[in-house]
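Participant: Those sequence lines, one after another, are chains B and Y. Just so we're aligned, residue 1 is where the first sequence starts under the working numbering, counting upward by one. Just so we're aligned, residue 1 is where the second sequence starts under the working numbering, counting upward by one.
These are computed hints drawn from the structure, not numbers from a lab. Check each hint, because a few of them may be wrong.
Unchecked claim - A few chain B positions that, by computed beta-carbon distances, are all more than 12 Å from chain Y:
(1) Q17
(2) V42
(3) E55
(4) T109
(5) V148
(6) R173
(7) S181
(8) A190
(9) G195
(10) P208
(11) P213
(12) Q240
(13) R258
Stated by the list, open to error - To give an idea of the chain Y side of the interface with chain B (calculated C-beta under 10 Å), a few residues:
(14) G18
(15) K70
(16) R74
(17) G78
(18) M82
(19) S135
(20) L137
(21) G144
(22) W146
(23) M150
(24) I241
(25) I248
(26) M262
(27) V274
We put the CB at the ideal spot given by N, CA and C, even for glycine.
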Amino acid sequence: MAEQLAVNMLKPKKRSQVKSIWLRYKKNKLAMFGLVMLVMMVLCAVFADLIVDYEADAVSQNMKIRLMSPNKDHIFGTDQYGRDIFARIIFGARISLMVGLATVSLSLTAGAMIGATAGYYGGKADNILMRIMDVLLAIPGLLMALAVVAALGPGLVNLIIANSITRVPQFARVVRSAILSIKGQEFIEAAKACGTRNTRIILRHILPNAIGPIIVQATLNMGTTILGIAALSFIGLGIQPPTPEWGSMLSDARSQMRYYPYLVVIPGIAIMLAVMSFNLIGDGLRDSLDPKLKN
Amino acid sequence: MLRYVFKRLLMMIPVIIGISFLLFAVMNLTPGDPARLILGEHALQSDVDKLREEMGLNENFFVRYGNYLKDAVRGNFGESYMLGLPVSEVVLSRFPTTLKLATGAMIIAVLIGIPVGIISAVKQYTIIDALSLFSSLLLTSMPGFWLGLMLILLFALKLDLLPAIGSDSWVNYIMPSITLAAATLAILIRMTRSTMLEVIRQDYIRTAKAKGAEGKRIIFKHALRNALLPIITVIGINFGIQLGGSVIIENVFAIPGIGSLMIDSVKMKDAPVVLASVMLVALLGGLVNLAVDIMYIFIDPRIKSQYVKG
Numbered sequence: 001m002a003e004q005l006a007v008n009m010l011k012p013k014k015r016s017q018v019k020s021i022w023l024r025y026k027k028n029k030l031a032m033f034g035l036v037m038l039v040m041m042v043l044c045a046v047f048a049d050l051i052v053d054y055e056a057d058a059v060s061q062n063m064k065i066r067l068m069s070p071n072k073d074h075i076f077g078t079d080q081y082g083r084d085i086f087a088r089i090i091f092g093a094r095i096s097l098m099v100g101l102a103t104v105s106l107s108l109t110a111g112a113m114i115g116a117t118a119g120y121y122g123g124k125a126d127n128i129l130m131r132i133m134d135v136l137l138a139i140p141g142l143l144m145a146l147a148v149v150a151a152l153g154p155g156l157v158n159l160i161i162a163n164s165i166t167r168v169p170q171f172a173r174v175v176r177s178a179i180l181s182i183k184g185q186e187f188i189e190a191a192k193a194c195g196t197r198n199t200r201i202i203l204r205h206i207l208p209n210a211i212g213p214i215i216v217q218a219t220l221n222m223g224t225t226i227l228g229i230a231a232l233s234f235i236g237l238g239i240q241p242p243t244p245e246w247g248s249m250l251s252d253a254r255s256q257m258r259y260y261p262y263l264v265v266i267p268g269i270a271i272m273l274a275v276m277s278f279n280l281i282g283d284g285l286r287d288s289l290d291p292k293l294k295n
Numbered sequence: 001m002l003r004y005v006f007k008r009l010l011m012m013i014p015v016i017i018g019i020s021f022l023l024f025a026v027m028n029l030t031p032g033d034p035a036r037l038i039l040g041e042h043a044l045q046s047d048v049d050k051l052r053e054e055m056g057l058n059e060n061f062f063v064r065y066g067n068y069l070k071d072a073v074r075g076n077f078g079e080s081y082m083l084g085l086p087v088s089e090v091v092l093s094r095f096p097t098t099l100k101l102a103t104g105a106m107i108i109a110v111l112i113g114i115p116v117g118i119i120s121a122v123k124q125y126t127i128i129d130a131l132s133l134f135s136s137l138l139l140t141s142m143p144g145f146w147l148g149l150m151l152i153l154l155f156a157l158k159l160d161l162l163p164a165i166g167s168d169s170w171v172n173y174i175m176p177s178i179t180l181a182a183a184t185l186a187i188l189i190r191m192t193r194s195t196m197l198e199v200i201r202q203d204y205i206r207t208a209k210a211k212g213a214e215g216k217r218i219i220f221k222h223a224l225r226n227a228l229l230p231i232i233t234v235i236g237i238n239f240g241i242q243l244g245g246s247v248i249i250e251n252v253f254a255i256p257g258i259g260s261l262m263i264d265s266v267k268m269k270d271a272p273v274v275l276a277s278v279m280l281v282a283l284l285g286g287l288v289n290l291a292v293d294i295m296y297i298f299i300d301p302r303i304k305s306q307y308v309k310g
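If we strip away everything but chain Y, and leave its shape as in the complex, we get (with noise of 0.2 Å):
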């Protein structure tokens, strides 16, 4: 067990060096000069040349990565060329308020989405079934940012009830949260609906049935514990997405967190903010994979006997 897990993070590590190196490539391959950002345009050409030595920048590019990685592996992310601070810093200060925008919208997307999901199923063909389908289509065709900026229409500008944008109090989350959780509330109650249609059929169900249990005890007992392992699945993967998802809604919201961060230093080619903060999204997109494999073993027996006897 210990070992899988040891085994699955040193995985890890050669998927984040390969995102480190694709983005200081993309990053430093093209015009635009780090030293040049750091003192501003007008500038004098002495001052940028003598900055461009003591940052290193006229070194090989193969040297400038290894230096790079070198003092990323010690902890050491470089500083912000816009900020002058030190990269884990900013990037450290934003996290939070990220997380918690994704958390809320994940509660937010199992609260709604596994519920409609397994009615969904039970009622199959009915016209319940049919809205549910129909709201999951609808949330996944539309643009994310588009859903943020009608509820801000609706909420903040017609009907006056919560803040457009800000991020002070819980009461800012609401509305980030729900647009940030609609993609993921699509596609868990399209995934529980089909899950659950699928243990439904099962034999064991037939059996329960046969033996007279209640409707309920059959549904929650019997049906969602053996369709659970797919739906984890989902909400894991979807969380990571939501992290690095969170990009243009924090935008429509003016939330600081991770993803206008991105924004921001992608479009100043703020390098070393750009590549701390994916590698810190992936890096957590990959952890939380690994949690829900870990916790396959303790939901399915099955799983478990086979790290037993193993």
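The shape of chain B in the complex, shown without the other chains (with noise of 0.2 Å):
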């Protein structure tokens, strides 16, 4: 009942909240041309079917039309199999987008589990879980990834778990030091007196009150992970062919590149953009979550 009220209470500051958070996001120019250019992409990749059709353009394969340099039927010209650049790197803006946010998604709820245990229970636990963490960071990203990967195949759901396991640590990371500065503060030592349940706390009482940092971490994870996928689809152990990724694309592209540039040239752009949005609207992000930290 009380807590009921309490929640009343807080809920049109909370709008404010993020309203004012808002208004200084939008103030800043290069987040705002981030999430425009975010936008755009999801729409873009959301919408593919409706642009150009995927088995005709972005997959079957037509060697009467190969390797057209960019014109007005293919604004981005076709590659060595005669598919149309444009249709393929939007369907893979789709895959890039939504392998990226299930890779954030998985290792952001891992590492959130695993930094919420460590950061609130401390002691034992807290020194047991971040030193397997520590193992797990000292370990270069990518080359985790491609063992696993090779242990479990390759593939779409092993793409997402590899790439997952590396970028746990860093959330746990972010988790535990939020939970950690909000901890000690008086409003939890309310929540513990009235005998609430340790989860409840931890998931209603300090998680909300940490979201800003793990929400511009995640951020800025989407765009290392876009890197990620590309990378290992590069050297062939991500996204197989026929499907439609940048990183795959550029590594079919590598044979053709002394003739045929623009194979090169237009996947990296797009990988580019995304990573860029990503980037910049994390940065917006921070600032605008926290004004103190600017600069």
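Using the hints, build the complex out of the two chains.
Facilitator: Shown next, in the form of structure tokens:
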């Protein structure tokens, strides 16, 4: 009852907080640019089927129109199998965003559970969990992903698992430090005094107050995940052909790059813009969530 | 001081053991028979079974891991399944190449990143500042291997100035080093800029200005020295990252370093090589970080005095 009342009292304040964050975010031109770019990319990915035909343009081979430089029918040209680059880029966006989102959600969930347990309970649990995280952090991310993919075999799900494992420690650290900074505050003491269960304290009272740095970390991680997927696909251990993926498009195009440079330029720019939009949004969110941090 | 170094070295042991256990599990608990790998697909099953027995592969997983660890402590990391050579020999023969690459990359990143960061901070909110921040954003957002491909396209295929692949002379290392430097360079520009901005606002800088010290002198003598600590930390951490991060760049430029060795051995499930090379990279990363922490003592008299007292 008392808790319900407190929640109701907090509600209007919460909305204005989101609003003030958005007002601050809006002023940041670069961050807005990133957001617009991301929205466009998401729209392309969601409505990809309306823009181009997956089977006909992006996957099936058509040797009659192979290696055509960008022209009015194929604005980004065609590759060595006669597939339309524009169509492949758009469906590539769908893959990258989907795998990125799945990877970040998975690693965020696992990392938050580990970080929350370590930070909230402290002591031995903290020590053991964080030492395990140290081990994971000490292995270069790409290499860890490489080993996991090699062990499980290539494929979409395995790629997501492999990329997630390497990202768990980062989230565990962010969540842990956020929890440590909130754990000692009075409203947590109050909740404990009311006899609230630990899980409920973590989920209802601590995490919502620690959400800022977690969101920033997740956004920036979307960027590095897209880079990671592209890298693994580039060396043939990620998304398998003929599925259009930016990294594997680059790898396909390598042998043709001397005479058809657009084949390697365009997918690279797609990756760069995608990653850049997440970096800009992440930086913008960091500044608007905590204006003190600027510079 | 020595006690501190010793303690830090001791703390690295569990991490290295953890890495070896994790990778040993990943490589050994998944499909693929090392004996079959060594003898080839067409070998007789009886021969494979015999070799499994000899290699101790029929033992329990933990017994095998224990044996591996026991040998590893004595410096015996086993034999490569694919090459039939001692792993330490294989890994160490590839390592200098990667070290050269990472060192070259770090030199480039430091020589460009720190000056650009300083200029950016001194000329805050000018077009120069905007440009340097923008290039740092570009460098963090582009995939390293793609930058490598673009460099090959421009300098090797179009202008014919540099060799596209190989590792025969120092000329071969120019493009890969630049490629590997990109990520560190981006971080270094941002880091140098923000620390310098912070330091410039301090009272002692105003004092120096009030005393009439010359602008350049203030920047280098007063500001940079105080901004150096976080910058060096970034350099240290990123050197470790670069040693492991050259994996794909070595693939792009066909450089036979430890990175391409790792890709090959992971693909071939050559577990002993994977384990030894990852442990080496992680160990070096840890050592570099330790070296950075020791350097603090020489750079910052405040930290030094703590050790003299304690």
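Participant: Would you mind marking each hint as holding or not holding in the structure?
Facilitator: For each hint, the structure was consulted:
The Cβ of B:Q17 lies farther than 12 Å from every Cβ of chain Y, with a closest approach of about 26 Å, so its non-interface assignment holds. Residue-level check passed: B:V42 sits 17 Å from the nearest beta carbon of chain Y, beyond 12 Å. Every beta carbon of chain Y lies more than 12 Å from that of B:E55, the smallest distance being close to 28 Å; the non-interface claim holds. Against the 12 Å criterion, B:T109 stays outside the reach of chain Y, whose nearest CB is about 21 Å from its own CB.
Some Cβ of chain Y comes within 12 Å of the Cβ of B:V148; the nearest lies about 6 Å off, and the non-interface call is violated. Distance check for B:R173 against chain Y: the nearest CB is about 14 Å away, which clears 12 Å, and the non-interface claim stands. The claim that B:S181 lies off the interface holds: its Cβ sits roughly 21 Å from the closest Cβ of chain Y, which is beyond the 12 Å cut-off. The beta carbon of B:A190 sits about 37 Å from the closest Cβ of chain Y, which is more than 12 Å, so the claim that it is off the interface holds.
Its beta-carbon lying about 38 Å from the closest one in chain Y, B:G195 satisfies the requirement of being farther than 12 Å from that chain. Listed as outside the interface, B:P208 is consistent with that label: its C-beta sits roughly 29 Å from the nearest C-beta of chain Y, beyond the 12 Å cut-off. Every beta carbon of chain Y lies more than 12 Å from that of B:P213, the smallest distance being close to 18 Å; the non-interface claim holds. Taking the minimum C-beta to C-beta distance to chain Y, about 14 Å, the non-interface status of B:Q240 holds against the 12 Å cut.
With 12 Å as the threshold on Cβ separation, the claim that B:R258 sits away from chain Y is violated: the shortest Cβ distance comes to roughly 5 Å. With 10 Å as the threshold, the beta carbon of Y:G18 comes within range of chain B, its nearest partner Cβ sitting at about 3 Å, so the hint holds. Nearest Cβ of chain B to the Cβ of Y:K70: about 20 Å, over the 10 Å cut. The hint is violated. The interface hint given for Y:R74 is broken, as the beta carbon of that residue sits about 23 Å from the closest beta carbon of chain B, more than 10 Å.
The interface hint given for Y:G78 is broken, as the beta carbon of that residue sits about 17 Å from the closest beta carbon of chain B, more than 10 Å. Interface hint status for Y:M82: violated, as the beta-carbon distance to the closest one in chain B is roughly 13 Å, over 10 Å. Checking Y:S135 against chain B by beta carbon gives a least distance of about 12 Å; that is not within 10 Å, so the hint is violated. Satisfaction of the interface hint for Y:L137 is found here, the shortest Cβ-Cβ separation to chain B being roughly 6 Å, below the 10 Å cut-off.
A least Cβ separation of about 8 Å between Y:G144 and chain B falls short of the 10 Å threshold, and the interface hint therefore holds. Because the beta carbon of Y:W146 sits about 4 Å from the nearest beta carbon in chain B, less than 10 Å, this interface hint is met. Interface restraint check for Y:M150: the shortest CB-CB distance to chain B comes to about 7 Å, inside 10 Å, so the restraint holds. Residue-level restraint check for Y:I241 holds (minimum Cβ-Cβ distance to chain B is 7 Å; threshold 10 Å).
Interface hint status for Y:I248: upheld, as the beta-carbon distance to the closest one in chain B is roughly 5 Å, under 10 Å. Hint status for Y:M262: holds, given a least beta-carbon distance of 6 Å to chain B, under 10 Å. Taking 10 Å as the C-beta contact cut-off toward chain B, the hint placing Y:V274 at the interface holds, the least distance being around 6 Å.
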